[in-house]
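Number of protein chains: 4
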Amino acid sequence: MTVNVGVVGLGYWGPNLVRVLHELAEAELVAVCDLDTVRLAKIRRRYPAVRCTTSYEDLLADDSIDAVALATPVSTHHPLAMRALKVGKHVFVEKPLAASSAEAEEMIALAGDCDLVLMPGHTFLYSPPVNVVKDLIDSGELGDIYFISTSRVNLGLHQSDVSVLWDLGPHDFSILRYWLEENPEHVSAMARACVVPGTPDVAFVNLAYPSGTVAHVELSWLAPSKLRRTAVVGSEKMVVYDDTSNEPVRIFDSGVSLPDPATFGEYKLTYRTGDIVSPAISAVEPLALELRDFCHSISDGVIPRSGALLGGDVVRTIEVVENHLVKALGAAALR
Amino acid sequence: MTVNVGVVGLGYWGPNLVRVLHELAEAELVAVCDLDTVRLAKIRRRYPAVRCTTSYEDLLADDSIDAVALATPVSTHHPLAMRALKVGKHVFVEKPLAASSAEAEEMIALAGDCDLVLMPGHTFLYSPPVNVVKDLIDSGELGDIYFISTSRVNLGLHQSDVSVLWDLGPHDFSILRYWLEENPEHVSAMARACVVPGTPDVAFVNLAYPSGTVAHVELSWLAPSKLRRTAVVGSEKMVVYDDTSNEPVRIFDSGVSLPDPATFGEYKLTYRTGDIVSPAISAVEPLALELRDFCHSISDGVIPRSGALLGGDVVRTIEVVENHLVKALGAAALR
Amino acid sequence: MTVNVGVVGLGYWGPNLVRVLHELAEAELVAVCDLDTVRLAKIRRRYPAVRCTTSYEDLLADDSIDAVALATPVSTHHPLAMRALKVGKHVFVEKPLAASSAEAEEMIALAGDCDLVLMPGHTFLYSPPVNVVKDLIDSGELGDIYFISTSRVNLGLHQSDVSVLWDLGPHDFSILRYWLEENPEHVSAMARACVVPGTPDVAFVNLAYPSGTVAHVELSWLAPSKLRRTAVVGSEKMVVYDDTSNEPVRIFDSGVSLPDPATFGEYKLTYRTGDIVSPAISAVEPLALELRDFCHSISDGVIPRSGALLGGDVVRTIEVVENHLVKALGAAALR
Amino acid sequence: MTVNVGVVGLGYWGPNLVRVLHELAEAELVAVCDLDTVRLAKIRRRYPAVRCTTSYEDLLADDSIDAVALATPVSTHHPLAMRALKVGKHVFVEKPLAASSAEAEEMIALAGDCDLVLMPGHTFLYSPPVNVVKDLIDSGELGDIYFISTSRVNLGLHQSDVSVLWDLGPHDFSILRYWLEENPEHVSAMARACVVPGTPDVAFVNLAYPSGTVAHVELSWLAPSKLRRTAVVGSEKMVVYDDTSNEPVRIFDSGVSLPDPATFGEYKLTYRTGDIVSPAISAVEPLALELRDFCHSISDGVIPRSGALLGGDVVRTIEVVENHLVKALGAAALR
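Chains as they are written, first to last, in this note's numbering: chain Z, 946 to 1280; chain A, 946 to 1280; chain F, 946 to 1280; chain C, 946 to 1280.
Hints may contain errors.
A pair holds if it fits inside one copy or across any two, identical chains being indistinguishable in the list.
[Said to hold, decoys possible] Calculated lysine to any residue pairs in the SDA-like style (CA-CA distance at most 25 Å, straight line): (1) 1171 / 1181; (2) 1171 / 1215; (3) 987 / 961; (4) 1171 / 1191; (5) 1079 / 1138; (6) 1171 / 1187; (7) 1171 / 1088.
No lab work stands behind these hints, which were simulated from the structure alone.
Bound conformation, chain Z alone:
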């Protein structure tokens, strides 16, 4: 079964959805929608067969369209998705799923009632290195996950509508949720709006999980050089995942051995530093895997990896962090 899709929003990310859907065997790119006719014209030139419209109404009215893919500003995710679900269309929506957890819950509930797929675009869940780490965690090769420390920073791309928490945070919070399969129960954070008053552009977020794992997430639009470094420290092995490196995953067979607890008073730790391995990693484009998963979830009735509940959890985590910041620094500091 081929899924007929209409793409809504042709700004920064939308054209990527268009390109990948156009090449995907499982999907048929039927229409694109944007208010900006210049953007539409560009798409028409490259994909003459695709219908172009400025009217979301028209798109929804088209019965040949099975699903919409929304690449519009965060604030529009909820209204656009709700309308699509109400007319029986599956919805793929760029991350974050919604602008608040209340919105997210409403969307999730409606999708459930209508038996429709609602899928947020957490592309990193389809990234090969992220999945190599996922397998290392799941197989127990890393042992207990002591902590995860991650930095996602570089100079550029201030969003005018949202803070760095809503812009970059979904990446790391979705990866943590995917890897750990739990939600944080304690949160503390520090943030600052350095350049544009009211729009935090740097945030340091600490998370503690029920299993005992702790995590630190550094997010910033201001930094001397690009950093995409995540350290996963387990009781058996440690991993560094760096998206900017030619060797995106490095596995360190290193650790600490605690001796017999009987001799505990006089304990002496042993450090083990073993081989380091950079596994070969496939070069598949995550976005293609993601959109294929969307199509499969429609045709096969299975929950996609980047599911609506996971997306809702990510929104809730951001909200909790933001509330913590408001409480700590005062509302003025944030908005």
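Given chain Z, put chains A, F and C in place with the hints provided.
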């Protein structure tokens, strides 16, 4: 004037004090003291002229000795320093200055009353790259300091008596205090005792300063690879200071320009990415500079760079962080 | 004036010429030519306005076409270019200019006689970092150029028709010719056909220039990791140019000072290690600059930076290296 | 059995021999010899039990001394070693073994006649990473060794008495000889005396071996940054050995597969890029292993790893390279 010094404690760090004092023109290494006679014998073999004793009492009783340098466990700093000050000896004490701010204050008060030098060994304040960054901040070349993010991690050296906060924290907290010349007014933190119950071996500390600067400090004895990376992000330039690199200071002439606030509703940021400079940095040993500063502060009556008040501030910062952790995670999690 | 261009050869590189010429204000992409109709169809779909033909004859017969751009196998450069020049068309030809210096000379002579532009596509001469280094050399900032050592290696892309010398060599030999503005007078080399008998896939080439500068060029299709590193060592400063780095040019203010020659017998050298600077470098696409230069050279009658004589020198250098190898290792080892 | 050793020459390297021999169970450091009494005094202070003399004659006359270790200028190796062998003492001599192959042969012959150990100090043969690579080669894990490319460069340490070939060359030529167990049969090279006329400070050396392996060795006292990089490219795997890295050996499971030779005309190569492994490597000091091997070769009558014949081969290789340079560039260019 030459300062006659006795070194107390010949464990991990003491022999470095011995070596450097022995070579320093401003100092005369007169005696060493340790309870362990094997350690004493080792020193005697290398420095036959130096008096060796197992009795701190003897050292204090020796009128030819002007000053003691303490390289003993943190818990002994207060009692040993107090006794030395009481008999009129200047005191150099390894960082942290004391095990609590109450202790530190008592020591500072006594030193003040007796007009004696009390100096904690915050060696990094004498490190050439730290001072290159200090000069960049003080000269205004970096502009306003938006934030500082620092990681000091690697596998190894669990201290059995103190947590990673007391072991590694003094480095970063003293550097921040030196660079920023202010103390944090808000603190949040997350920590975990991964290996030895009750002894946190990883901590993520967020600090907010009165000037608006925020800082993040990651400290860990558990990490896949050594990291000593500090990013200082200013409104004009940014700096990366990496103690493990051949180019320990890198200056990025990069930044964001906010346009005329009049047009603010529709603002458009401009990013500037300019040259990167790694200044040549002198290769002087910080410990020699530090101990020379100790001697000068005695002979010239000036406050050393690593002064007692700064050392007290560092202890207070650690204490505040620890209290925050106890409140957040429960006392059990920490001790 | 707009130059009407026809692109010939739509294999690996040709589509890039098509894309860039299509966007260039100075050029009008009129036609493309390839024997493979599948390749033609691909281009037709993306550029419906461009004429597609399998007949080079037709292209040459078209009076509206001012110039041809050849992206065909090396062995065809000479015959295709000669035919185009004979019918009065300017010729852009992918590097190397020809398969032998005899061929190159014939092409250069004909272009000269016909007053037509003949330009080899040495794209690196338009690369911003290559030109930053060129400026450093020309301004005298580096001092005398003692030597240049360059490595261009990684796993992949064995050419079936030519050796690594003809495939990768043109890059480095053209850069050296551009920077030094002289041709080597001594050559020695070592090569090996490791994988495909008769097709050398690794070569170590040493060059000595009339000015005294020496150069080493390592070329390989077989290497554990990608390396594009060129060190330029001058008497005043040194430069590392690395095309794979985020900081492609790094300037080292380091050197050796020889003292007064009077005291020469007992000389003592002084080493100077100063700042390291990574200049900000513009992100213009070299291919666009190159094709613009081709158009300007036609409209303004000036010699392009990547001129025919330079291209001929590059071919001659490869030939001399190859002859040296044949003499040293025997013809069998090479072909 | 303990070997009684006298160390001759206390310049740059001699004190390291003294330090290590002093700590070695297999050896007894009996005496040191140097013409410079200041150097002797320094040693006397640190090792009061060691006899200090300015007379090599005295050392040779001392029957309690089994062996001498020579850390003197290259030109003295032959005369000093010959005298020691003649009075029945084993000889350890810093690399290179001698200043010419004629000298080396005379020394080897005499040692053989006298049944004494003559051992050049090729310390790298005892370096753990060099031996990890040796094991990878010997086990066949790398397959056929296609080629080896090595760079040993950085700014500093011009020797006034010898060229960079004699100063740095012994390191790489001894490692190649050790790894490949063969001597080069073809040599080509380029060198330049950039700073001190007559003393080449940069050399590019190409070597071809009987097995088909080729090697390139770049040696320089002038370079923008330290480089100690050796790539070993085999038919099965590739290795990078970098002495300056925290991961000195990296094994790349990468290669090229040539298909069935039957289909050879239309061959299509396959590239395989697999895992990269950095094996954990022991941190033993090579010099201690080397001097222990010297002692064992005396007590057990076995040939040391860094044997006299290997040392002679290294000298001959340098000589052949130098002769090639003289022939190519003229004697004036070299001396």
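Report the numbers of all earlier hints that the structure fails to satisfy, in ascending order.
Violated hints: none at all, because every hint is consistent with the structure.
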